[in-house]
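Q: Now for the letters of each chain:
There are 4 protein chains.
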Amino acid sequence: MNFDYSEKIIDLQERLTSFFDTHILPVEREVNEFLYHPDNLWKPWPGMESLKQKAKEEGLWNLFLPKAYGDLSPGLSNLEYAPLAEIMGRILWSSEIFNCSAPDTGNMEVLAKYGSKDQQKQWLAPLLNGDVRSAFLMTEPQVASSDATNIETSIVSDGNDYVINGRKWWSSGGMNPNCKIAIVMGKTDPQAPRHQQQSMVLVPMNSPGLKIIRPLSVFGFYDSPEGHAEILLENVRVPKENLILGEGRGFEIAQGRLGPGRIHHCMRLIGMAQRSLELMSKRASERIAFGKTFKDYSSIRQEIAKSQCDIEQARLLTLSAADKMDKFGNKLSKDLIAMIKVVAPKMALKVIDRAMQIHGGKGVGPDTPLAHFFVAARMLRLADGPDEVHMYQLGKSIIKKYAE
Amino acid sequence: MNFDYSEKIIDLQERLTSFFDTHILPVEREVNEFLYHPDNLWKPWPGMESLKQKAKEEGLWNLFLPKAYGDLSPGLSNLEYAPLAEIMGRILWSSEIFNCSAPDTGNMEVLAKYGSKDQQKQWLAPLLNGDVRSAFLMTEPQVASSDATNIETSIVSDGNDYVINGRKWWSSGGMNPNCKIAIVMGKTDPQAPRHQQQSMVLVPMNSPGLKIIRPLSVFGFYDSPEGHAEILLENVRVPKENLILGEGRGFEIAQGRLGPGRIHHCMRLIGMAQRSLELMSKRASERIAFGKTFKDYSSIRQEIAKSQCDIEQARLLTLSAADKMDKFGNKLSKDLIAMIKVVAPKMALKVIDRAMQIHGGKGVGPDTPLAHFFVAARMLRLADGPDEVHMYQLGKSIIKKYAE
Amino acid sequence: MNFDYSEKIIDLQERLTSFFDTHILPVEREVNEFLYHPDNLWKPWPGMESLKQKAKEEGLWNLFLPKAYGDLSPGLSNLEYAPLAEIMGRILWSSEIFNCSAPDTGNMEVLAKYGSKDQQKQWLAPLLNGDVRSAFLMTEPQVASSDATNIETSIVSDGNDYVINGRKWWSSGGMNPNCKIAIVMGKTDPQAPRHQQQSMVLVPMNSPGLKIIRPLSVFGFYDSPEGHAEILLENVRVPKENLILGEGRGFEIAQGRLGPGRIHHCMRLIGMAQRSLELMSKRASERIAFGKTFKDYSSIRQEIAKSQCDIEQARLLTLSAADKMDKFGNKLSKDLIAMIKVVAPKMALKVIDRAMQIHGGKGVGPDTPLAHFFVAARMLRLADGPDEVHMYQLGKSIIKKYAE
Amino acid sequence: MNFDYSEKIIDLQERLTSFFDTHILPVEREVNEFLYHPDNLWKPWPGMESLKQKAKEEGLWNLFLPKAYGDLSPGLSNLEYAPLAEIMGRILWSSEIFNCSAPDTGNMEVLAKYGSKDQQKQWLAPLLNGDVRSAFLMTEPQVASSDATNIETSIVSDGNDYVINGRKWWSSGGMNPNCKIAIVMGKTDPQAPRHQQQSMVLVPMNSPGLKIIRPLSVFGFYDSPEGHAEILLENVRVPKENLILGEGRGFEIAQGRLGPGRIHHCMRLIGMAQRSLELMSKRASERIAFGKTFKDYSSIRQEIAKSQCDIEQARLLTLSAADKMDKFGNKLSKDLIAMIKVVAPKMALKVIDRAMQIHGGKGVGPDTPLAHFFVAARMLRLADGPDEVHMYQLGKSIIKKYAE
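Chains as they are written, first to last, in full-length UniProt numbering: chain A, 1 to 404; chain B, 1 to 404; chain C, 1 to 404; chain D, 1 to 404.
Don't read these hints as lab results, they were simulated from the structure. Predicted model only: the values in this text are computed from it and were never measured. Not one of these hints is a red herring.
The list makes no distinction among identical chains, and a pair is therefore deemed to hold if it is satisfied within one copy or across any two copies.
Okay, derived cross-link-like pairs now, SDA-like style, lysine to any residue, Cα gap no bigger than 20 Å in a straight line: (1) LYS400 with SER285; (2) LYS292 with VAL389; (3) LYS282 with LYS396; (4) LYS292 with GLN142; (5) LYS8 with PHE20; (6) LYS327 with ASP4; (7) LYS282 with GLU140; (8) LYS282 with ASP367; (9) LYS324 with ASN2; (10) LYS52 with PRO177; (11) LYS43 with GLY220; (12) LYS56 with LEU72; (13) LYS401 with THR293; (14) LYS180 with GLN119; (15) LYS292 with GLN393; (16) LYS396 with GLN357; (17) LYS56 with GLY75; (18) LYS401 with GLU286; (19) LYS327 with SER6; (20) LYS54 with ALA125; (21) LYS180 with GLU241.
Looking at chain A on its own, in the form it has when it is part of the complex (with noise of 0.2 Å):
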């Protein structure tokens, strides 16, 4: 493992946290504000597109794709996005101003490596410009989802459409206004073996029988304005032309789909807590009880110093899980993607709890990031599958490789 950083990434860091600070930290407050308010359920933040522009113009754009496209993104590495992401995470919504933020990130990837040239001229290029929003539509109410063969949405061929039916939750992005286009996960073949019965087809959102039955709370956050949808899809029809790679193919399209998104939100997840640790950080060297400033209590140093532990070792943990996969590619890396999917939401809670405590009632209340963060960590031990179920397969894989 190399993690030196070369001059073009110290570069990116530079600009980006530059524009974090000039742009992003002093409305911070500002937008909190707006997107909390219930009045403003669903709509967007006006001064986003301006963010967005002005990211755009500044190169620091699609930072995520692994390839470049013409000036549209820089075709950085995993290892090379990640402190990028770290610095993303700091404040929730602050991807999208990069046109990095989830589930679009995926979803393009997808489109790039797996879309037709027609889906990509349709569907990737107004994504990448971030002109849409799309949704990935996957998890389903009545099963367990982490197990994929359990997805009970059928997508049946009728001439020359496909007819979907099915009921889909936790579809983020799903609520925005500006979301367009979705990916659907369901069943072609349920006859087919355990992993070819799945398929992918592009589903616009103003399709006819597509129907959004309510926005779900994350505890009590709505996420606006993406959201998390609960979706009805009664006889949804769309064109054959509208599958992704070829029929049965769903499961190796979600397999090649999650190796990346997880270094982003394991990044994501790092700089919450490193955000979490620097307010607790300040907090405890201004708050006074009985006498003492909090920092000289021995107990609050112990819980700063063991945040500094977990995320130090998180943060590397994800780095080198971003080489391997830069280096040997998604399949060779599943264990250690397994690991940090498993380690850094855990990791995070335990650092952003630790904030929230410190901050007392106010950690818990809308004036600082740290309930929205934790709430958003705790959504990842179960969004791309839940921790056992990473566990599930990484003991097996361990066990197999050392009892041999």
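Assemble chains B, C and D onto chain A, guided by the hints.
A: Just chains B, C and D now, with coordinates in the frame of chain A:
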């Protein structure tokens, strides 16, 4: 310790459980949908008053109150009330139905114990009758309020009045349109000995100069219709008759107020945890992944086994604290009360978190009580003093006990 | 539950405590130095017999035995014995003084409950009198013995004899020169239904063919003079009269044997933890580093506060299990017994570990009981079934209870 | 950070691993049986010297030493040595074979860095050659020695001599019959500024007045033949030439000594944890209970998955600390060194404990390295400063960094 319940309590438990099963559980989903809907902020659920009436008629009213008030309360001991509070903990908004919800319970106790005849007539009577709600204004944003000597709100004598200035927050219940009266903690004499500077006064919510700045969200929840208010007090003027007990006795009242309240909080937390355990047991027996029902995974059985161990221990500890309070009073029970205040929220968080994880996405969303339970429990690691403060005192007391 | 102690028990607690203070604590250091000295392996401490005599004279003898045997035991219930076992837990080698040490207690119960008149006369009488010691040969090195159906030792009928072949280990007490009799678990009929294959037979330690292979150390301790023996049984022959209860009833006896034994173990663990808490409190009040006495560090107070919470909860849980066993028997108490078996050793390990840490180097060395406590507690996460087995059964039982 | 190993290191790793497989693992059981046998206390295993000779011949000698000494050491950086120390960690007594065992390594570094020509000739040369062993006399029973200013041993100038009085304990290596020299920390000037009171002197073990009081056991282990000695120094007289570096510079030497030693300790801990993981993986694939192989229990897979995550994170953190020390020196790396000192022992304890549990009774006995690993790791939460001291400094440093 004798935890055997008398026939009277067994009867009350059965009647309360039956009331729950008949009148509350069937409307749980409907009430939640109402309360969580952004359009209904600060509106009480319309069916609440008729449920309160029914509870009153059935003698399930003011159960928390250790002293009998005519027909209005059965006068239970802490140990007798504990199992009833556990039942109420199973649904967050259910305590109000029995006129047993914080902060009214604490406020009513203060008025019953320390209030003047006039204060009791004017404020205790309608509170006991469930006609109005109340708030308790203690915590301040600028200072670590767990150290009560930090409190900055001033209560200045001016002729026949007190003039109050300060900023309070986390004033739970303060957003409720039916909240009519607040007990405010402030300093009447900042030069007096540390624990005689504080006083408590009754301040009607419609007093000129009392301004609700905003509702605070806890994680994303607003806890409508009660809410948690940030309140500005600018030259708020109340007659001297509104002083409770006497100048400089605020700290003493606060101490007396806390013991029973902590028992109530802890027993409700145990109810939350118990219900979470039941929910995850059900889920484990239904859900299937990778060819096995959840309940056949040894790791899931462990989560459930541990939860049962955690709950039962915290329950016994809380009962033993209630028993000791009944027999020896607040002061001699202070170590045990500190112990349950540290133990119960953490225990509940662990159990609820396991239940969420087993529920997958559903566990963090609005369709189970788990996410809201979690937030309520998390807040209780801070409310009424953060864990750290309790452990600081408790540790000192134990060292003293054993080192001598 | 009613945990109030009767006057009889309060009197026994006081007399036992006084015996401890007068006769045991003053020689603790001397005894430890004797027992830990490599030259004294397998030699009982010379003063032991006179202490036993004294305890017997004072009626502090066979306290564990639920049934009264003439003058030899007061016939206490589990709940009554529990606080006495806690006191004995404060010094590892003290139980023997009161003829209350494992595995003799379990063996005596088996003989009292299931033994024939002859077996009782020959073996129970001298055990109750403290004249001899005994061993229990259950666990086998080749198989996971927590699943009793795995056990491989064969007990084959041959004329008027049984012929026994097998290898046992962790036979606690087996190294003691005064150990004269063993109860051996083996299979009389490997073809019978799973839980009727096993039988228990009495095997004198001097039987030809019974060979002590070696003492096993636990961490580095040999636990002299009792020790933990690895024992080979090669064609060991005993008369059929040595069978206990009947062929195929070994599993049934094992079940009956375990309940009270677990209460004893757990209460002793609580005694270990309690003493560790007292020791660390003393240490915290004496030791100084970086200009502050340990007790003034908030982190040390937290360790102590948490320990008190942990101990008191486990104590109440164990008492409630003892109470339930007394009232409803082993079978209906099995969930609670599993719970304490999982809870108490882990709790003790946490508390002892904190105490070790606060003692610095002294804490892991021979000058405090802490290191040996730790090892004893660690072993109890395995002995009588590892935590995992208890949680596996307990989790199943709870899911069943709540999912129906 | 660049953790890619050079060809030289890859070659050394391979040769060291091969030496292990060929010469060490095959005799592991034999050596353990020898060392653990009470009759062999303080006797080196007879085969040790020939293995040392072999290692020296193969250039696997003094690998820890950052500076090349003729043929006697390859002069590796900390980052280069780290993976080799990890390999040595797999068997507790193996470091000596490569002349890489504590406290000799630290003592040799002190002499190499700060020793006079004469001191180096007389003591460094035989140590580097593996002819003699050494001890480091720092900790004292009466005071919290982690605060070096507490140390009470006096070093008083008297003509051409220093006269030393004090009591030391946990002098590891001090019981070894081949231990010939000790470095003693004491105070030459108790009136000097806090960190200039201390000095270090060389004291031959056969000096009149130096009396070994007793060996200390760690848990039950004596760690023969090195042992941990309690030593009384009564008017021990050494010539002034035995002073290292200068009066009042003891603290400075101690600081310089600690950094690399902590890397070594941590990498060995990682080796212990790694081997424990491998052992439990093997066990999980072999053992059967309740009809299932251990590896098919989800809870066991989780234990193994978590262990892999824990180990890999600690490994990366330690490598990054080694790398930083190599590039920026001890002082600028102090936070990272504190971090690994806190992280690695706790991580190892968790992993080893899981491995023990999966091994059942075997895991706490003498037939696996696990119990001894555990004790070694537990001691390292105290040796070279307890966790609490490191976190106290680390927390302070981080708060300062982020609060400014």
